[in-house]
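Here's the letter readout for the chains.
Protein chains: 2
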Amino acid sequence: MKEVVAGIDIGGTNTVFGLTDREGVILASDSLKTAKYDDGEIFIQDLARIISNALTDEMKLVGVGIGCPNANHYEGTMENAPNLKMKGIVPFVKRFEEVFSVPTILTNDANAAAVGEMIFGGAKGLKNFFMVTLGTGVGSGFVANGELVYGHDSFAGELGHTIVLPEGRMCGCGRRGCLETYTSASGIAKTFIELTEKHTGQKLESTGSYEIMLEAEKGNPIAIETFDFTAKILGLALANTACITSPSHVFLFGGPVKAGHFLLDPLKKYMEEYMLFVYKNKIELQVSELLDKNAAILGAAALAWQKVEVNG
Amino acid sequence: MKEVVAGIDIGGTNTVFGLTDREGVILASDSLKTAKYDDGEIFIQDLARIISNALTDEMKLVGVGIGCPNANHYEGTMENAPNLKMKGIVPFVKRFEEVFSVPTILTNDANAAAVGEMIFGGAKGLKNFFMVTLGTGVGSGFVANGELVYGHDSFAGELGHTIVLPEGRMCGCGRRGCLETYTSASGIAKTFIELTEKHTGQKLESTGSYEIMLEAEKGNPIAIETFDFTAKILGLALANTACITSPSHVFLFGGPVKAGHFLLDPLKKYMEEYMLFVYKNKIELQVSELLDKNAAILGAAALAWQKVEVNG
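Each protein sequence line maps, in turn, to chains A and B. The first sequence begins at 747 in this note's numbering and counts up by one. The second sequence begins at 747 in this note's numbering and counts up by one.
Note that these hints are calculated values from the structure, not bench results. None of these values were measured; they are calculated from a predicted model. Treat the hints with caution; some may be incorrect.
Since copy identity is lost for identical chains, a pair holds within one copy or between any two.
Result set (EDC-like, lysine to aspartate or glutamate): computed pairs, CA atoms no more than 16 Å apart in a straight line [stated by the list, open to error]:
#, residue 1, residue 2
1, 806, 749
2, 748, 804
3, 779, 825
4, 964, 1019
5, 873, 913
6, 831, 784
7, 1053, 785
8, 1015, 899
9, 782, 971
10, 782, 792
11, 806, 971
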């Protein structure tokens, strides 16, 4: 009988889960279309059913971990997630504990990714680090003294919404100049479009960080300038954040990180240029060791394993 | 027999200590001229002697807490403090544990102030808050999950050296635009001098935050503008920091805080204006409840009491 936890990643389009052992091996997985559901209770029942179906006689479910948007970790609920049809407060933890009678834990995606890195990835044994997830938005998860920093209301870790240019780009949050308006996948694309128009007069309709990376590989100076500009803004944010938590490592995760040295080399350079002398050349900047497609599942599974071990 | 700890505050000019009971009452205190010493060992011996002299037959010393500049908490040492004559690495914790045979703990002044607030001041029972000390510099101490955030090297909490204006004022750390160049006592004075010259052409030699407060009370619009400008910069820094640690409270400490509503009213206004919606109107901005002259002693004493309780 192998003990497993269910690591669940609730995304705007799909919800995926993996039955995961203590070493981070995913033994079975399945998915649901999140977008189909407007009723939290029906969603929970369907999700519980496909988890039960995936469990074999050789597996014993000992915990459930959930990463989701607008997670209230302390209450175990998802609260008014703006990108989902399920409105109101969805009591995932209470309901899964009723259905499966195992410890259940819930947090937001970036926090889950940080714990995943700590348990299964490059942050094993680290007590002070943070994770920055570059995607549609920019998320973050902070670990200090070996524990995830939830903050008083469980909403800590919104590095993407620190204001880096008070008169800067308009952000979805209603304010201006948030880090994510420059360093998310769409922020980087916007920079490339703006620089292309500035240098060539050409108006691009759209692009993506992967296409910009291909352009950089071809030697397109606008693509290289785009990553340099992105790196300068992110490098300052990382240096400033180091002043608060003094991490040993910063992990980067998400699509734009695939730009590799085009982004990472200037990022390291600017981060060190902006760094207070106390922290200079001490902080490792690393790419996450979790594979993209499994990171959210492994993060949620890692949280569940942590909770199972604390409970006994 | 009353149990006491020695709370020691090592400053550039003076070193003061207080024999402090569990309730934060200082039963006896004395001081030394730090500036007289260039040898750490002789300083430690003299300090130990005046502590021994202050102990009466009714007191039992059970711990020692030390707040000092350039504190390496993990090593228990003060390292190359630039403003002291004592150079090199001074092993305070090791030596005091040898002399008094009691648990000894060391950290920097702002961290000590945060713990003092948590044990004896307005942060009793709080698990997630931070303290900003406005003085010659701008220090900070962060508490997350009920624990002080030391960071991987014990140098966390340098909020004063986050860069708020990359092309801004020159800072003592060698970089430009650090928060403390605008919001320390001397930063505020500099703003008043600059604004006075701009508005009146008059070149002031020097001033201080207390004098500017008196001017504000007289209705001097330049003094009021000075506090407004300071509040705008500090308010943005506090709002950005909230994104990282999501505190329930922010405590302010130090000379400029005596400007009262001239600083605090615009600070609260700008902090809320810059705040991400998730945190808006949730974070209490409070003045420290520790009296200035005893704060450093009480902070160091609080650390010692924490350590005594963990050990015993």
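Output the numbers, in ascending order, of every earlier hint that fails for this structure.
Result: hints 3, 4, 5, 7, 8, 9 and 11 break, sorted rising.
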